[in-house]
Amino acid sequence: EAGVAQSPRYKIIEKRQSVAFWCNPISGHATLYWYQQILGQGPKLLIQFQNNGVVDDSQLPKDRFSAERLKGVDSTLKIQPAKLEDSAVYLCASSPVGSVSTQYFGPGTRLTVL
Amino acid sequence: QQQVKQSPQSLIVQKGGISIINCAYENTAFDYFPWYQQFPGKGPALLIAIRPDVSEKKEGRFTISFNKSAKQFSLHIMDSQPGDSATYFCAASTYNNNDMRFGAGTRLTVKP
Chain A
1 EAGVAQSPRY
11 KIIEKRQSVA
21 FWCNPISGHA
31 TLYWYQQILG
41 QGPKLLIQFQ
51 NNGVVDDSQL
61 PKDRFSAERL
71 KGVDSTLKIQ
81 PAKLEDSAVY
91 LCASSPVGSV
101 STQYFGPGTR
111 LTVL
Chain B
1001 QQQVKQSPQS
1011 LIVQKGGISI
1021 INCAYENTAF
1031 DYFPWYQQFP
1041 GKGPALLIAI
1051 RPDVSEKKEG
1061 RFTISFNKSA
1071 KQFSLHIMDS
1081 QPGDSATYFC
1091 AASTYNNNDM
1101 RFGAGTRLTV
1111 KP
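Protein chains in written order, with the numbering used here: chain A, 1 to 114; chain B, 1001 to 1112.
Don't read these hints as lab results, they were simulated from the structure.
Idealized CB from N, CA, C, for every residue including glycine.
A portion of the hints provided could be inaccurate.
[Stated by the list, open to error] Short, incomplete list of chain B residues facing chain A, as computed with Cβ under 7 angstroms: (1) A1029; (2) P1040; (3) P1044; (4) G1060; (5) F1062; (6) D1099.
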């Protein structure tokens, strides 16, 4: 079974630029999560989707971050415009129906904002 | 907004020794407590998890101890091996909501 796929793996941008990350969850997993992991800290949940609907986006900085999961499969997380403090690893995770607490993580995208 | 406190930040153990990592939580609505293992350049991977209806769960060399009244839980790694060297995160969530809150992580180094 293929794992959670993310791209790109690394991205370097200037502050105020825009960036987008892509995630393809494990086939059949209805729930998809985006996390932000700042160096030396644990992952912080940004947004949670159930199929193509948002379950929780209470910690998403909505003035600059947006995410979508249009067909209930893959998802895109966008930052516009980026700030220095957005430098982090962005992790995508998915979980199957009936086992919502078992999350499978992708390798992450390391973002550096200069 | 930290709801799960983890200690120590880093831990060095000799091969064959016992590694112990502790976590404390605040929200009494939490009822699912997983531990994740993360290697450099990889995403976290579920190691072992417990629900509060039991006080201990063991899987191979890994054991979770859970103290509901103290709102604390810990991970014990028996016979620690160099391959266990990684960062370990505790987490907590409500089982249905799945709003997972992670601790800050413990970097474990097992010396040969």
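These are the hints, each one checked on the structure:
1. For B:A1029, the interface hint is violated, since its Cβ never comes within 7 angstroms of a Cβ in chain A; the closest pair sits about 14 angstroms apart.
2. At a threshold of 7 angstroms, the smallest CB-CB gap from B:P1040 to chain A is about 11 angstroms, leaving the interface hint violated.
3. Below 7 angstroms, beta-carbon pairs count as interface contacts, and B:P1044 has one with chain A at about 5 angstroms; its hint therefore holds.
4. Checking B:G1060 against chain A by beta carbon gives a least distance of about 18 angstroms; that is not within 7 angstroms, so the hint is violated.
5. For B:F1062, the interface hint is violated, since its Cβ never comes within 7 angstroms of a Cβ in chain A; the closest pair sits about 16 angstroms apart.
6. Hint status for B:D1099 relative to chain A: holds, with the closest Cβ pair at about 6 angstroms, below 7 angstroms.
Violated hints, listed in ascending order, are 1, 2, 4, 5; each of the other numbered hints is respected by the structure.
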